[in-house]
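**Q** Note that the protein sequences, when read in sequence, are chains A and B.
The first sequence begins at 1 in this note's numbering and counts up one residue at a time.
The second sequence begins at 1 in this note's numbering and counts up one residue at a time.
No lab work stands behind these hints, which were simulated from the structure alone.
Ideal placement from N, C-alpha and C gives every residue a C-beta, glycine not left out.
Accuracy of the hints is not assured; some may be wrong.
In silico EDC-like links for lysine to aspartate or glutamate, alpha-carbon gap of 16 Å or less [what the hints assert, rightly or not]:
#1 A:LYS3 to A:GLU26
#2 A:LYS256 to B:ASP226
#3 B:LYS256 to A:ASP195
#4 A:LYS109 to A:ASP278
#5 A:LYS256 to B:GLU249
#6 B:LYS3 to B:GLU331
#7 A:LYS328 to A:GLU307
#8 B:LYS165 to B:ASP191
#9 A:LYS165 to A:GLU143
#10 B:LYS256 to A:ASP226
#11 A:LYS109 to A:GLU34
#12 B:LYS165 to B:GLU145
Here are a few chain A residues that sit away from chain B, every Cβ distance over 12 Å (derived from the structure) [to be verified]:
#13 ARG10
#14 ALA17
#15 GLU34
#16 LYS83
#17 GLY106
#18 THR112
#19 ALA115
#20 ASP182
There are 2 protein chains.
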Amino acid sequence: MNKQLILKKRPTGLPDADTWQLNQGEIPKPNDGEVLIKTHYISLDPAMRGWMNDSKSYIPPVALDDVMRAGTIGEVIESNNDKYKVGDVLTGWGGVQQYFTTNGEGHFKVDTNLAPMTKYIGALGMPGMTAYFGILEVGKIKEGEVVLVSGAAGAVGSVVGQIAKIKGCTVIGIAGGKEKCDYVVNTLGFDGCIDYKNENVHSGIKTHAPKGIDVYFDNVGGKILDAALTRLRRYARVVICGAISQYNETSIQGPKNYLSLLVNRATMQGMVVFDYADRYKEAGMQMGMWMMEGKLKTEEDVYEGIENFQETFHRLFNGNKRGKLVLKVKED
Amino acid sequence: MNKQLILKKRPTGLPDADTWQLNQGEIPKPNDGEVLIKTHYISLDPAMRGWMNDSKSYIPPVALDDVMRAGTIGEVIESNNDKYKVGDVLTGWGGVQQYFTTNGEGHFKVDTNLAPMTKYIGALGMPGMTAYFGILEVGKIKEGEVVLVSGAAGAVGSVVGQIAKIKGCTVIGIAGGKEKCDYVVNTLGFDGCIDYKNENVHSGIKTHAPKGIDVYFDNVGGKILDAALTRLRRYARVVICGAISQYNETSIQGPKNYLSLLVNRATMQGMVVFDYADRYKEAGMQMGMWMMEGKLKTEEDVYEGIENFQETFHRLFNGNKRGKLVLKVKED
Chain A
1 MNKQLILKKR PTGLPDADTW QLNQGEIPKP NDGEVLIKTH YISLDPAMRG
51 WMNDSKSYIP PVALDDVMRA GTIGEVIESN NDKYKVGDVL TGWGGVQQYF
101 TTNGEGHFKV DTNLAPMTKY IGALGMPGMT AYFGILEVGK IKEGEVVLVS
151 GAAGAVGSVV GQIAKIKGCT VIGIAGGKEK CDYVVNTLGF DGCIDYKNEN
201 VHSGIKTHAP KGIDVYFDNV GGKILDAALT RLRRYARVVI CGAISQYNET
251 SIQGPKNYLS LLVNRATMQG MVVFDYADRY KEAGMQMGMW MMEGKLKTEE
301 DVYEGIENFQ ETFHRLFNGN KRGKLVLKVK ED
Chain B
1 MNKQLILKKR PTGLPDADTW QLNQGEIPKP NDGEVLIKTH YISLDPAMRG
51 WMNDSKSYIP PVALDDVMRA GTIGEVIESN NDKYKVGDVL TGWGGVQQYF
101 TTNGEGHFKV DTNLAPMTKY IGALGMPGMT AYFGILEVGK IKEGEVVLVS
151 GAAGAVGSVV GQIAKIKGCT VIGIAGGKEK CDYVVNTLGF DGCIDYKNEN
201 VHSGIKTHAP KGIDVYFDNV GGKILDAALT RLRRYARVVI CGAISQYNET
251 SIQGPKNYLS LLVNRATMQG MVVFDYADRY KEAGMQMGMW MMEGKLKTEE
301 DVYEGIENFQ ETFHRLFNGN KRGKLVLKVK ED
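Whenever a hint applies, use it, and build me the whole structure from the sequences.
**A** The following block contains the structure:
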C-alpha cells in the first residue's frame with residue numbers, strides 16, 4: 001500500500017487536523033518511460049504553507065484532494081526509462097507519500113557516495129540553493145560588509161550566514177532561544193546572534209552592528225523586518241526570501257519602516273530559487289567543496305513517519321527544530 | 001527689512017499656526033566672497049514636511065529657530081564674489097525668506113533667457129531631476145514596458161510619466177479628481193489615469209494595465225502603494241520616491257502586500273535626488289531639449305507672499321494645486 005497525505009481543506013491560520021487526510025492508495029505502476037520511486041525522505045519547508053493558499057503566487061497552489069506537494073529524495077525500485085536504473089537515487093517533487101511514478105522531469109539523480117540523502121534536500125537542495133543564490137546574487141555581498149540574517153539556525157539562514165562568513169563579511173544572526181544562538185555562534189561561526197525570544201531585536205542589532213547593516217537576509221518578516229529596516233546603511237540590500245512569522249496570519253503586517261529604503265537609497269528585492277535552476281549544479285559543487293573543507297556546517301533534524309507530518313510541520317512555526325527539518329518515510 | 005519664516009515647533013501631523021513664526025530681520029550684508037541674493041520664488045515640496053521631524057534622514061532636520069529650509073531662485077543684488085555679478089540668477093537652498101547671503105556653495109547660476117525662473121525650481125530643478133533619475137536610473141524603464149505613476153499631476157509624477165512616454169512605455173497615472181485626470185491624459189499624454197478620489201485604484205490598475213505593471217513610481221505610499229503591489233509583473237521595479245499620504249501620519253502604514261516582491265522577483269528601491277548632483281547638468285540639457293521639442297509639458301502653480309506660506313504649503317497635502325507648487329516672494 002502507498003501512504004499518502006491529501007490536502008482536504010485550505011487552512012486559515014495554522015494547519016490542523018482538518019487540513020490533511022491520510023490515504024492508503026495502491027502503489028502505482030510505472031508506464032513506459034516512467035520509474036517507480038520509493039521515497040526515503042521528505043523535505044519540510046515554510047514555503048509549503050503558502051502553497052496551501054488559493055492565491056496567485058510563484059507556483060500554483062496545491063489542488064484540494066491532491067497529494068500535498070513536497071520536495072523528496074528516494075530510490076528507483078522499478079524502471080521503464082533507459083536513463084534510470086533500479087537503485088538510482090532521485091530528488092525532486094515527490095510529494096508527501098511513500099511511492100510515486102515519474103518520467104524524471106523535474107527530478108535530479110544524485111550520488112549518495114558524496115553526501116547522505118538528507119543533504120540533498122537540505123544544504124545541497126532547495127534550502128541550500130536558496131541561501132546560495134539569495135545571498136550572492138540578490139544580496140550581492142562584498143568582503144567587509146555587515147550581514148544580518150534572520151532564521152539563523154534554520155535550513156536557509158544557517159547557510160546564508162556561513163557563506164557570508166566565507167566571503168569575508170561580519171555576520172549577525174537572529175534566532176529564537178539561547179540554545180540556537182549558541183549553536184549559531186559557536187558551531188556555525190557567526191560573529192554574533194540576537195535571541196529574539198529574550199532580547200530586544202532593535203537594540204541587539206545596534207549592539208552587534210553599531211555602524212548599521214549592509215545586507216539583511218529576511219526569512220521571517222513582521223517585527224524583525226521592521227527592526228532591521230531601521231538599521232540599514234546607505235545602499236543596503238534587503239533580500240526578501242520568506243516571512244515565516246506571517247504565513248499563518250490572516251492579515252500580513254507590512255514593514256512600516258519601509259521609508260528607510262528611501263533615506264538610505266536601499267533596495268528590497270524578492271527572490272524565488274527556481275529562477276536559478278540552471279545553476280544548481282554549479283552551486284552544489286561549490287557548497288559540497290565548502291562542506292568537505294569544513295567551512296560549511298549543516299544539520300538536519302529528522303522525524304519519522306508520514307502519519308506524523310502535521311506535528312512535524314508545526315515545528316517549522318513553533319521553532320522546535322534546528323537546521324533542516326526532514327521527515328523520514330518509515331518502512332511498513 | 002527681511003521677511004523670514006522661522007521653524008518654531010516641530011509639528012505632529014499637519015503643520016499649523018504654531019509651527020512657524022514670521023520674523024522681520026535685517027537684510028544681511030555679504031562678507032568677502034559672498035553675494036546677497038533677493039529671492040524671487042520659493043519651491044514648495046512634500047519633502048519639506050520630513051525635514052521638520054527630528055529624526056535621522058537623508059538630510060539633517062531643520063533646527064528649531066532656524067529659517068525654514070527651501071529651494072529658491074533669486075537674483076544677486078550685491079556681490080563680493082568674483083564668480084557672480086549683480087543681476088546673476090542663482091538657484092539653491094535659500095530658505096523661506098526674502099534675502100540671504102551665500103558664498104555660492106550649493107547654488108547654481110542659471111540662464112533665464114533659456115527658461116523662466118519658475119522652471120528652474122520645477123522641471124529643471126529638484127522635482128524634474130528626481131523624476132529624470134528616478135524613472136531612468138532606478139526604474140530602469142525599457143521600451144514597451146507598462147509604467148504606473150502616482151501623484152501623476154504633480155511636479156515629479158507629471159515629468160516621470162512624460163519621460164516614460166518619450167521612452168516608449170505605456171503610462172498610467174493616478175491622480176485626485178476628474179480635472180487632474182483629464183489634464184494627465186489630455187495635456188500630458190498619459191495612456192490612462194485613475195482618479196483615486198472617485199475610483200477603486202486596484203480595479204483601475206487592472207482595467208488600464210490588464211497584464212500588470214513593470215514599473216511603479218511611488219510618490220504617495222499607503223493604500224495606493226498596496227494596490228500597485230498586487231499588480232506587479234515579474235522582475236518589476238517599485239521606485240520609492242516619496243510617501244505624501246503618510247507624511248502627516250503619526251504611524252506609517254507599511255505595505256502589507258510587500259510579499260508580492262518575492263512572488264514576482266521584484267525590487268523596491270528608494271532614491272534621493274542629491275546622489276545625482278554631478279549629473280544635473282546633463283539631465284537639465286536633455287529635459288530642456290524635450291521641452292523645446294514640445295515633448296515635455298510642465299506647469300507651475302504660483303501663489304504669492306511668505307505670509308501665505310502655511311496655507312500654500314497645505315495645498316501639497318490637500319491636493320489643491322496642479323504641477324509644481326511655487327511661492328512668489330512679493331516686493332514690499
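**Q** Are the hints correct? Go through all of them and say.
**A** Each hint tested on the structure:
Distance hint between LYS3 of chain A and GLU26 of chain A is fulfilled; the C-alpha atoms sit about 9 Å from each other, no more than 16 Å. For the hint linking LYS256 of chain A to ASP226 of chain B, the alpha-carbon distance of about 12 Å falls within 16 Å, and the restraint holds. At most 16 Å may separate the alpha-carbon atoms for a hinted pair to count; LYS256 of chain B and ASP195 of chain A exceed this at roughly 25 Å. Straight-line distance between C-alpha atoms of LYS109 of chain A and ASP278 of chain A comes to about 15 Å, which keeps the hinted pair within the 16 Å bound.
Taken as a hint, the LYS256 of chain A and GLU249 of chain B pair is honoured in the structure, with Cα atoms around 12 Å apart against an allowance of 16 Å. For the hint pairing LYS3 of chain B with GLU331 of chain B, the CA-to-CA distance comes to about 11 Å; that is within 16 Å, so the pair holds. For the proposed pair LYS328 of chain A and GLU307 of chain A, the alpha carbon gap of about 11 Å is at most 16 Å, so the pair holds. With a C-alpha separation of about 9 Å, the suggested pairing of LYS165 of chain B with ASP191 of chain B holds against the 16 Å cut-off.
Among the hinted pairs, LYS165 of chain A with GLU143 of chain A is consistent with the structure: their alpha-carbon atoms are about 9 Å apart, no more than 16 Å. A distance of roughly 12 Å separates the Cα atoms of LYS256 of chain B and ASP226 of chain A; the hinted pair therefore holds under the 16 Å criterion. Our distance criterion of 16 Å between C-alpha atoms is met by LYS109 of chain A and GLU34 of chain A, whose separation comes to about 14 Å. Our distance criterion of 16 Å between C-alpha atoms is met by LYS165 of chain B and GLU145 of chain B, whose separation comes to about 10 Å.
No beta-carbon of chain B is positioned within 12 Å of the beta-carbon of ARG10 of chain A; the least distance is around 18 Å. With 12 Å as the threshold on Cβ separation, the claim that ALA17 of chain A sits away from chain B holds: the shortest Cβ distance comes to roughly 27 Å. With a least beta-carbon separation of about 32 Å from chain B, GLU34 of chain A lies farther than 12 Å from that chain, consistent with its non-interface assignment. Distance check for LYS83 of chain A against chain B: the nearest CB is about 31 Å away, which clears 12 Å, and the non-interface claim stands.
The claim that GLY106 of chain A lies off the interface holds: its Cβ sits roughly 20 Å from the closest Cβ of chain B, which is beyond the 12 Å cut-off. At roughly 32 Å from the closest C-beta of chain B, the C-beta of THR112 of chain A stays outside 12 Å, upholding its exclusion from the interface. Once the 12 Å rule is applied to beta carbons, ALA115 of chain A is consistent with being away from chain B; the minimum gap is 29 Å. With a least CB separation of 30 Å from chain B, ASP182 of chain A remains clear of the 12 Å interface cut-off, as annotated.
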